[in-house]
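Trainee: First to last, the protein sequences are chains A and B. Start counting the first sequence at 14; every next residue gets the next number (my numbering). Start counting the second sequence at 14; every next residue gets the next number (my numbering).
A portion of the hints provided could be inaccurate.
Heads up, the list lumps identical chains together, so a pair's fine if it works in one copy or across two of them.
Unchecked claim - No more than 27 Å apart at the CA atoms, straight line, and that leaves these computed lysine-lysine pairs for DSSO-like:
1. 226 / 203
2. 203 / 220
3. 257 / 218
4. 291 / 305
5. 305 / 257
6. 291 / 226
7. 249 / 226
8. 305 / 249
9. 257 / 291
10. 265 / 226
Everything labelled a hint here was simulated from the structure, so no lab data went into it.
Number of protein chains: 2
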Amino acid sequence: NRKGVALLAVVATLKLATMAAAGGKPAVLLLRPVDAPFAAALRDRFRVLDLYAPGQALPALAFVAAAAAVPEPPRATVIWGGVRVDASFLDAAPSLRCVVSTAAGLDHIDLAECARRGVAVANSGEVYSTDVADYAVGLLLDVLRRVSASERYVRRGSWAAQGDYPLGSKLGGKRVGIIGLGNIGSRIAKRLEAFGCIIHYNSRKPKDSVSYKYFPNVHELAAESDVLVVACALNKATRHIVNKDVLEALGKDGVVVNIGRGANIDEAELVIALREGKIAGAGLDVFEHEPKVPAELFSMENVVLSRHVAVLTEESRSDLRAHTIGNLEAFFSGQPLLTPVHADSLAQ
Amino acid sequence: NRKGVALLAVVATLKLATMAAAGGKPAVLLLRPVDAPFAAALRDRFRVLDLYAPGQALPALAFVAAAAAVPEPPRATVIWGGVRVDASFLDAAPSLRCVVSTAAGLDHIDLAECARRGVAVANSGEVYSTDVADYAVGLLLDVLRRVSASERYVRRGSWAAQGDYPLGSKLGGKRVGIIGLGNIGSRIAKRLEAFGCIIHYNSRKPKDSVSYKYFPNVHELAAESDVLVVACALNKATRHIVNKDVLEALGKDGVVVNIGRGANIDEAELVIALREGKIAGAGLDVFEHEPKVPAELFSMENVVLSRHVAVLTEESRSDLRAHTIGNLEAFFSGQPLLTPVHADSLAQ
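Bound-form chain A, shown alone (with noise of 0.2 Å):
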């Protein structure tokens, strides 16, 4: 087994020796699946090492080794969030100097130890903000004026035998505690105020730039709101910022909206929260353990779902792909990168 991954290992490098002496171009290391338009866009610039080519049957890390021993190896990749960027990851391809992540958030990065060795580190930038923070309201107005529920009523041809059915709840005059007001945070308290919202937030420390009232403390956050919207960044300080404690201060007529990632809440804790009616509702663009959803929310009619799409839509892509070659192309030419990352940037 052992001797069959080695002697795959070698025919890769072959074949990824063939293709990186097919042009005079700079080679970047492709770690993440890309639709047509993107695949073409790099290899117009670049000589491509892509993981998911068709053919290509090495698991990751033995892919990235391979890569790494080619003659002039890739010193750029572009990743997702799917590829964690640790030190056995960075030992596997020390060619590597820069790290393009098309990812929003940077919690599968370690950015300390690219900081060690001398790797750049850029990410999706504001590529995804206006987007995400479109999706969180529209979660947010799904959940209280129950739309996707709506939804499932008139599919099932209920109507017509219609009997009494839950109110929904204005979204004005509702106080929304949103946690993370960088890019996205601050995007989504714009579109709530023009519905009449009252803006609170938390985050690592007050910001000059806003009138809306601040708190310290994620406890004393959810206990003054209505709403709570998760919108910062996972790392050790804000995993399971949303725990048991906050959603019983939220309380039985709050809801919740997760367009951050999973962890940020304690999922096994919302679940019970969501059970027992020790809130009212939630809106989750994110799990826990993606793409593992908790069966028991699907039987939940105060719930909405959806599958980490918050970052999608055509025109975002399209931007992502520009942005993506924009750092690679500022990399390569010696240039400040785009959006670069520092490690001490995981602001929430």
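Start from chain A and add chain B according to the hints.
Mentor: Chain B alone, transformed into the frame defined by chain A:
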């Protein structure tokens, strides 16, 4: 059979007379179902002749006639969209001098006939405007970002086995053509501006108070818009205002949202346009023959369906109660109605 109805009418008249004699309060003819708090609030202030009272078995018009025959017959009635106020209705209840409708629309009331007979009419004013505007944005976000479709996908447990899935479309930058820039339409515009949309509109005449681009013609509005939102009243001029030609002008990437009245759109043509990909999608809270929804829509993934709930929240229900009683008290005390409606006020 006619004898039977006549007998029932006599019995009802006696019952109503007994009810009417029960207090010194003014009589109100209640022709819509109300929840317990609404019923109690009405009974506190008025002698309520209730079509939906337990044991009341007369058909609506016979009940109205019976109510008009009691001593001190009701001079005011509370109705909803399900009651058609026309010459026959007014003939049956000659005592009526005030009609308070809890509906937002006025298409079920013959305003000219009411004016001719000196019957004052009040509607729900702006009680619903905010909730309807919110819901319109919710439907639009849902269609563009596929929130309900994503919901169904996750609830079916399909995420883990996920293949390619059609991308959503960004709300920001979309040209949104609003048909009817009244209380509701202008609130929709304000919300969508916060998402970065470009607002166009059509109404009977341009509004001085806004800087949005005005289109005197819905066909041209559709041709210059990515989204059409129907937010006008239903009347002769706006029946089927969105017809086959308008849908074709909107085009294959276009989306329609209807929170007005079903008959503002030629529903048969809408179904064809959706089926044939002549437009991209639709978010529909209202239908031409409610509660009947064209069955073909049930299997479409690019439509979001709801059951005329854009006005419905706990908050609007409570506001409506206070507003309806306010109109009745104004009428009985000889004050101006809170939200009088005149025959010439059928603004879009």
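Trainee: Quick check: which numbered hints come out false for this structure?
Mentor: Structure breaks no hint.
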